[in-house]
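**Q** Starting from the given sequences, assemble the full structure and let the hints guide the process.
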Amino acid sequence: MNAQPRTGKSASAVGRANKTRAGWAMSSPALAAILLFFVLPAIASLFLSFTDFDIYALADIENLRLVGLANYQRLLENPLFWKAMTNTLLLVAFGTPFIVTLSLFAAMLVNSRWLKWRPVWRVALFAPYVTTLVATAVVWRYLLHTRYGLLNYLLSFFGVPPIDWLGSPTASLPAILLFVGWKTFGYNMIIFLAALQTVPRELDEAARIDGANWLTRLRHVTLPAIGPTLLLVSVLTVAAMFQLFAEPYVMTQGGPAQSTVTILYFMYEEGFKWWNLGSGAAVAFLLFLCIMAVTLVQLRFAKRSGAI
Amino acid sequence: MAGLSIENARKSFGATEVLKGVSIDIADGEFTVIVGPSGCGKSTLLRAVAGLEELTSGRVVIGGRDVTDLAPSERGIAMVFQSYALYPHLTVYENMAFGLKIAKADKAAVDEAVRRAATTLSIETLLDRKPGALSGGQRQRVAIGRAIVRQPQIFLFDEPLSNLDADLRVRMRYEFAELHRKLGTTTLYVTHDQVEAMTLADRIVVLRDGRIEQVGTPRELYERPANIFVAQFLGTPRMNIAAATADGAGKAILPDGRNIVLPALTVPLADGTPLSIGIRPEDIAIGDAAVDLPFTIRFIERLGGLATLHLDGGNGDDLVTCQLRDDGSFDEGDAVAASFPANRLHLFDADGQALGKARE
Numbered sequence: 001m002n003a004q005p006r007t008g009k010s011a012s013a014v015g016r017a018n019k020t021r022a023g024w025a026m027s028s029p030a031l032a033a034i035l036l037f038f039v040l041p042a043i044a045s046l047f048l049s050f051t052d053f054d055i056y057a058l059a060d061i062e063n064l065r066l067v068g069l070a071n072y073q074r075l076l077e078n079p080l081f082w083k084a085m086t087n088t089l090l091l092v093a094f095g096t097p098f099i100v101t102l103s104l105f106a107a108m109l110v111n112s113r114w115l116k117w118r119p120v121w122r123v124a125l126f127a128p129y130v131t132t133l134v135a136t137a138v139v140w141r142y143l144l145h146t147r148y149g150l151l152n153y154l155l156s157f158f159g160v161p162p163i164d165w166l167g168s169p170t171a172s173l174p175a176i177l178l179f180v181g182w183k184t185f186g187y188n189m190i191i192f193l194a195a196l197q198t199v200p201r202e203l204d205e206a207a208r209i210d211g212a213n214w215l216t217r218l219r220h221v222t223l224p225a226i227g228p229t230l231l232l233v234s235v236l237t238v239a240a241m242f243q244l245f246a247e248p249y250v251m252t253q254g255g256p257a258q259s260t261v262t263i264l265y266f267m268y269e270e271g272f273k274w275w276n277l278g279s280g281a282a283v284a285f286l287l288f289l290c291i292m293a294v295t296l297v298q299l300r301f302a303k304r305s306g307a308i
Numbered sequence: 309m310a311g312l313s314i315e316n317a318r319k320s321f322g323a324t325e326v327l328k329g330v331s332i333d334i335a336d337g338e339f340t341v342i343v344g345p346s347g348c349g350k351s352t353l354l355r356a357v358a359g360l361e362e363l364t365s366g367r368v369v370i371g372g373r374d375v376t377d378l379a380p381s382e383r384g385i386a387m388v389f390q391s392y393a394l395y396p397h398l399t400v401y402e403n404m405a406f407g408l409k410i411a412k413a414d415k416a417a418v419d420e421a422v423r424r425a426a427t428t429l430s431i432e433t434l435l436d437r438k439p440g441a442l443s444g445g446q447r448q449r450v451a452i453g454r455a456i457v458r459q460p461q462i463f464l465f466d467e468p469l470s471n472l473d474a475d476l477r478v479r480m481r482y483e484f485a486e487l488h489r490k491l492g493t494t495t496l497y498v499t500h501d502q503v504e505a506m507t508l509a510d511r512i513v514v515l516r517d518g519r520i521e522q523v524g525t526p527r528e529l530y531e532r533p534a535n536i537f538v539a540q541f542l543g544t545p546r547m548n549i550a551a552a553t554a555d556g557a558g559k560a561i562l563p564d565g566r567n568i569v570l571p572a573l574t575v576p577l578a579d580g581t582p583l584s585i586g587i588r589p590e591d592i593a594i595g596d597a598a599v600d601l602p603f604t605i606r607f608i609e610r611l612g613g614l615a616t617l618h619l620d621g622g623n624g625d626d627l628v629t630c631q632l633r634d635d636g637s638f639d640e641g642d643a644v645a646a647s648f649p650a651n652r653l654h655l656f657d658a659d660g661q662a663l664g665k666a667r668e
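Line by line, the protein sequences give chains V and X. In this text, residue positions in the first sequence follow the working numbering: the first is 1, and each later residue adds one. In this text, residue positions in the second sequence follow the working numbering: the first is 309, and each later residue adds one.
These are calculated hints, taken from the structure and not from any lab test. Where is the CB? At the ideal position from N, CA and C, for every residue including glycine. Some hints could be false.
[Said to hold, decoys possible] Cross-link-like lysine-lysine pairs, in silico, DSBU-like; alpha carbons within 30 Å at most:
(1) V:K303 <-> X:K415
(2) V:K303 <-> X:K490
(3) X:K412 <-> V:K303
(4) V:K303 <-> V:K116
(5) X:K328 <-> V:K303
(6) V:K116 <-> X:K328
[Stated by the list, open to error] Short, incomplete list of chain V residues facing chain X, as computed with Cβ under 10 Å:
(7) T86
(8) A135
(9) L203
(10) D210
(11) N213
(12) H220
**A** The following block contains the structure:
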C-alpha cells in the first residue's frame, strides 16, 4: 500500500475532496433550514430568558435589561409553575403509556387479517387526528357532561355515580387525557401500522407452531420486531405530552383550580397574557431540557433492551 | 413418528377454490414432496396440515388422530419456512429453545435437546450468534434445528431452499436427504423445483389447480406420466409433444404427412383417432438419414458434457428438443436425421391422458 505512486494518492485526495464538497452541497439546504428555524430560535429564546423582555421592551428595545437568572429563580419560587410541572409530568407519566398502548392495539386491530372492511376502520380510527380540535372539543364537552354525557351514562351501568369530569379538580386531568388520547392515537396508529406490516407473517406463524399464545407472540415476536418504531412513537408522544396546550385551553382554560394548567399553558399565560416574555422564554428552555432529559433516558432504555 | 392422511381437503378464499378435494396418504417415515407450478395450492395444503390455514372441508389425520380442529402447536408438527422465520432478536440457542421454553420444559432437558440438534446439524459454534450474523445456509440449518428440537411427528418444509444460491441448494439437498435418513421422520416437503422433488422424494405428489395430477415414486412419474402436464412438468428440457393421428395400423401420421411407428397399446387405436405423441429429449437418437426423419439444427445449447439441440422439421411446427452427449460434431444449420424409438414414446389421448402401453 505504501508503495502507491504519488499521482494515485493525489488523485484519490482530489476525489475525497470532491466527495466532501458534494456532501456539504447536498446537506447544506437542510442544515440551513435547521439552523434558521431551530438553532437560532433556541439560542434567541435562551438569550431572552436572561432578560426582562416584556411589552415595554417590545415598544422600545432600550427598555430591555439583562437580569441573569432572575427569571429562573422567580419561576422556581412560583407555586403555579410547580403545579403546571406536576400536571405535565402526570400527563407524561400516564398519557404516554396510555396513548402508545391504545395506538398499538388499534394498529394491531386494523392490521389483523380477520377484520372485515379494514380500510373503513383505518379511516374511522385515523379521523379524530385530522378533525378540528375546537369542534371535537365541543363534542367532547357533551360526552363528558355530568348529567347528559355518554361517558357517565356508560359508567352508570357499572354503578358509578355521575362524575363532574370538567368541573372537578381530580377528574379534569383524566378527562383531558381521555380527549387527548382519542385525538392523537390515530397518528401513532398509522406509524405502528406501517411497522407492523413489515413484520414477516411467518415469524408469527412460527411462534404459533412453537405453541406461543397471543400475549407471548406479542412480547417475543411483535414488540421486538417493531422496537425502533415503539421508541419513535414513545419519544414523539412524550414530547407531545410535554407540550400539551390546546386541549386544556379549549376544554377547561386550565381550570378548575388550575388542575389542568400544563407547562405550555403556563408559558402561554406568562408570555402572552402577562407579557413576561423573558419569563416565558425561561419556561420554554426548562421545557426543552425536560424533554431532552426524558428522551435521553428513553434512548438509553431502548439501547439496553436492544430495540435500537 | 406417525403417518399423515389428508382426506378430501378443500379450501376456498372467497369465491376462489384453491384446493379442490385433495387426498394423500403418507406412510410413517416417508419423504413426500408436493410439487407444482406457482398458484397450484401446494403451500396452502402444507399450511392446512400445519394448522395455519383452516380447511373449508376435509380432514387432516396425523398418527391416527384427527387434528383438523387442533391448534398448530398441538398437531405434533414442525415447519421450516422459506424465509426461515428465525426470531431476529434471539440467539440461535434461544431460537431453537423457544418452543420448549414456552412448553415450560425442564431447563436441563431444553439444553440437552438444543445441543443434540446443534450437533446433528453441525451448528454448535453458532449457538450464541443472532440470525442476522449468519449466512443463508446457516440460517437454514438453524431453522431445521428449531424444528428438530420439537421432536415432531411430521416435518413440514415450505420451499426451504428457494432463498439459497445454486451451490448451497445442491449441498442442502444432500443434507436434507442425510437428515431424513438419520431421523426417519415423516416429511412433507413443498417445492416448485422439480429437481428437488426428483432427488429428495420417496414419493412425489404433482399438484395443479388444486387437484392432484399424479402420485408416485420419482421414477414412476418420469417413466410413466399419467398425463401431458406431468410429462412436461418433470424433466429438463421438457418432453417434446406433437399432435398426430393414428392410422389404425400401428403408426401415427404427423400433420406434415410423415409417420412414426407407435408402441403396442393395450387398446389399439382406430384409424383417425387424434392423439399426442411425447418423447423425452434424451430418448431421441440422431442416426441414419436413410430411415429417420430429416431435421435442421436451428440452435444448440452447449452445457459442457451435454448439448441440447433444437431441431426444425421445416414444417412450421414447434422445434423438437433433443439432448445428447456433446462430441462437437454438430453445428447450427446442419441437417440431421432423428429417430424416435417406439419403446420410448409416450402416447396421450385427445384429453391429454396417457394411453396404456402393452407390456413388452
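**Q** Hint by hint, say whether it matches the structure.
**A** To see whether the hints hold, each was checked on the structure:
Taking the CA atoms of V:K303 and X:K415, the gap is near 28 Å; set against the 30 Å cutoff, the hint holds. At roughly 43 Å between alpha-carbon atoms, V:K303 and X:K490 are farther apart than 30 Å, so this suggested pair is violated. Taking the CA atoms of X:K412 and V:K303, the gap is about 29 Å. The hint holds against a cut of 30 Å. A C-alpha spacing of about 38 Å is found between V:K303 and V:K116, which places the hinted pair above 30 Å, so the restraint is violated.
Restraint check for X:K328 and V:K303: not satisfied, since their Cα atoms lie roughly 51 Å apart, outside the 30 Å limit. Restraint check for V:K116 and X:K328: the C-alpha separation of about 25 Å stays at or below 30 Å, so the hint holds. A distance limit of 10 Å between C-beta atoms decides the matter here; for V:T86 the minimum to chain X is near 37 Å, and the interface restraint is violated. A cut of 10 Å between beta carbons decides the hint on V:A135: the least distance to chain X is about 40 Å, and the hint is violated.
Checking V:L203 against chain X by beta carbon gives a least distance of about 5 Å; that is within 10 Å, so the hint holds. Restraint check, V:D210 versus chain X: the minimum CB separation of about 4 Å is within 10 Å; hint holds. At about 8 Å, the closest approach between the beta carbon of V:N213 and any beta carbon in chain X falls short of 10 Å, and the interface hint on this residue holds. At its closest, the beta carbon of V:H220 sits 7 Å from a beta carbon of chain X; the interface hint therefore holds under the 10 Å criterion.
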